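Please model the complete structure; the sequences and the hints are all you need to start from.
Chains A and B are the protein sequences, given in the same order.
In this text, residue positions in the first sequence follow our numbering: the first is 1, and each later residue adds one.
In this text, residue positions in the second sequence follow our numbering: the first is 1, and each later residue adds one.
If you're looking for bench data, these hints aren't it; they were derived computationally from the structure.
If you're wondering where the values come from, they're calculated on a predicted model, not measured in any experiment.
Just to be clear, a hint being listed does not mean it is correct.
Note that identical chains are pooled: a pair holds if it fits in a single copy or bridges any two copies.
Under the rule of at most 20 Å between Cα atoms (straight-line distance), these lysine-lysine pairs were calculated in the PhoX-like manner [as the list claims (entries may be wrong)]: (1) Lys313 <-> Lys60; (2) Lys312 <-> Lys60; (3) Lys356 <-> Lys300; (4) Lys458 <-> Lys199; (5) Lys53 <-> Lys285; (6) Lys33 <-> Lys106; (7) Lys313 <-> Lys65; (8) Lys328 <-> Lys305; (9) Lys312 <-> Lys356; (10) Lys122 <-> Lys80; (11) Lys53 <-> Lys65.
Protein chains: 2
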Amino acid sequence: MAKKLEKITPLEEDFSKWYLDVIKNGDLISYGKARGTIIFKPLSYGIWENIQKNLDTEFKKQGVKNVYFPLLIPDSLIQKEKDHLKGFNPELATVTEVGGRELSEKYYIRPTSEVLFSTYFKDNVESYNDLPLIYNQWANVIRWEKTTNPFLRTTEFLWQEGHTVHADALEARKLTKTMLRIYANFLKKYLSLPVIQGKKTPREKFSGACSTYTIEAMMKDGRALQAGTSHYLAQNFTKVFDITFKNKENKREYAYGTSWGVTTRLIGALIMAHGDDRGIIIPPKVAPVQIDILEIFGHKNPEVKEFALQVKKYLSKFFRVELDSTDKNPGFKASNSEIHGTPLRIEIGAKEAQTKEITLIRRDTLEKQTIKFDKSIKLTINKLFNDIHKNLYDQAQKRMLDNIVTTNDYQEFKQKIAEGKWVIIPFCGDEAAEEFIQQETGATARCIPFKDPIKINKKSSCVIDGTETKRNVIFAKSY
Amino acid sequence: MAKKLEKITPLEEDFSKWYLDVIKNGDLISYGKARGTIIFKPLSYGIWENIQKNLDTEFKKQGVKNVYFPLLIPDSLIQKEKDHLKGFNPELATVTEVGGRELSEKYYIRPTSEVLFSTYFKDNVESYNDLPLIYNQWANVIRWEKTTNPFLRTTEFLWQEGHTVHADALEARKLTKTMLRIYANFLKKYLSLPVIQGKKTPREKFSGACSTYTIEAMMKDGRALQAGTSHYLAQNFTKVFDITFKNKENKREYAYGTSWGVTTRLIGALIMAHGDDRGIIIPPKVAPVQIDILEIFGHKNPEVKEFALQVKKYLSKFFRVELDSTDKNPGFKASNSEIHGTPLRIEIGAKEAQTKEITLIRRDTLEKQTIKFDKSIKLTINKLFNDIHKNLYDQAQKRMLDNIVTTNDYQEFKQKIAEGKWVIIPFCGDEAAEEFIQQETGATARCIPFKDPIKINKKSSCVIDGTETKRNVIFAKSY
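Laid out in structure tokens, this is it:
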């Protein structure tokens, strides 16, 4: 775009403003005309495509089958599961007419597709031979939220929703945890994002679930972001929807269910965990453009143009590359590459065209190196991408661990939460106590971690009511 | 599924019934609860995924960038392009309330996203430097059709819609044709489907377009199916939406547009072009399952089980493979594989487990061959897949060419159309004459082919009004 680059508010000055500035300057979205919606421009949609492609590969290794259910849920169907959908009711976009004619039955745009999957399972499951059904859907959903924020909470968002039914409770429980592990590994391997894996407290779990597992990531302002969840539903839904199967003894049993999902919110996570005052930094594995090649005054020097094209042609065999051959000035081009978060840029000017060398500049550290343009370049760049990936991960990991503390004292807890820390406390799990903490501090129970991320005192009593408890819970302010 | 296989109505007896039977028995869809919607079960969605993945790769080679626009179009925006949307008006699903509260403005579920893309282009195009914008969206759309038919015409369907703007008319025209060629090549290379490429007559073109190009495929009942279209929009939309750019002389100009799309209708095309009385036949390149391995009485013979698993493990490295290790009888398993259209099945019984040989059965010809299970198997199967692909293509191609005829005589034209042929006639292009033909014969002008598919008399006069014309038009009954 020919537009001027605007100033990004420094991250330390105002994090929310920084976030919106980064998104705007990075050409990640435009705002949609419908309330709270966003247009995913090529850069943000490209990130989502790479997330989708790679995560889907992991799903398929687990035997997940993708399906596609209708967008619209008839009113009659939703009446069946009023309890589950109660939370969504105020957010349901409702189709009442077609072409100006009123419909005899209303339709809701899916806020989630549990009801549709469940109805399908009821109709398609007969015997243990039909199980498990391990289904997933990549789709758009609508929830008419009161306040919205790009990627983090939008009226319409993109996600995947996995829904499964099993003949065996243990198998279902195992899958629930497998999917959580897949999410955690994916965030580490592709988004350079460390997470804490754990179980939600009763107050924070999905109301339809027996257990909810979560991955929680720390943003640069210290807040927690729930980046993915996996629910063990036991027979909660299968009883409501009468999903039964004949077991090997020819007796009818209710099946066991799970569901799990991640959304385009992951793009927000990536921005808020890695971005800096120059804008977004995209980890190489999901970057739609991995390398920007910048011609330096190429319009005045045909040799520069020729060499830049040669470099582009060669690197395109291995990487996702774009060439900026416009006549804009070099400083603008460099800022433009940085603001779009491209992990690596290559500058080619008169000197480089002469010596057949190229200058590589990393987006994360801004380090420069000049190397010969020969076959070794593929290896050099792959190594650089690994370094960038690792550096982003290590920084995020260090920041996270540096900002998790533990205490047995409620006053200290309050103080640390106010400082923006994640605080691990021995906590009984009582819902009223949890609400009290939230009201006093604004922090919520993020999870009971599978593994304590820092060293903590194992045997203790609840910070709130003093009851003996072995349960350590992470509290933090969150998105 | 444990359900019994039902009989498929023979194709020659009742083509429409055959089509629905094939879809039902092949577990391709379930009907949705919302009127005219379908649930894409793993088999049909898997085909769509393979279409999407491979077609998208072709798009990206052309510099296409994927984006995602909101599902809902505000009423105020649609008022702008009433003319264009007039055709869609009776089909627009309308959101009037959220959570029981009436909205101050209505929203329409996109029947297509021209309006959204155009508004975006207006806001984002400033100078020639910003052009071209070559965008594409993979999305769901809703059109409340009166009569529906699985894949061919459904209330909700999946598609890709490409929308582009250019500084140069010639560049836009060229892209329009490039996209059509990509569609035609894709159908040939991936779906084993020959098509006729051509231009729509003024009566059949998209009303917003300057020229509409189409690919037309012949189904087994002789009807034509419009499988993809590409529109050169010239400045029609850019004038309505005021999409201008500053050219190199710093003068404002309207940009030039194109749009192009294919839909999940391609799945219907594939069924109706290749299927037989045993069910669907899926071309190997888009088959979600390429090989079914059937254990023959494996539950009574551990050696069979072991060998089948060994074969599966090895072949899974190269192909998409499923193993049927249930205790169902061999005849059922074979029919089950056939009815799901898997291009190749491998039967492994006691004899095979002993000799370490496997028996391969092609879905298209039902030919069997027994070969040694060694490293050469990868090559053998790849060759078989090529043969199957080519055989499906050649059969469809021969059928198409055998059923295209040409005449200069209107009485013969009517007779051939009644026989289910595609008929090429010299035709003036007059809209009233075209309507007359449709009313008399039920046939519509499918296209003015780029290349005549059969030998025809070049110089002639219009079959209807006798005026001199060099334009040869294909007429046929269509879906």
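Which constraints among the numbered hints does this structure fail? Numbers only, ascending.
Nothing - there is no hint that the structure violates, so all of them hold.
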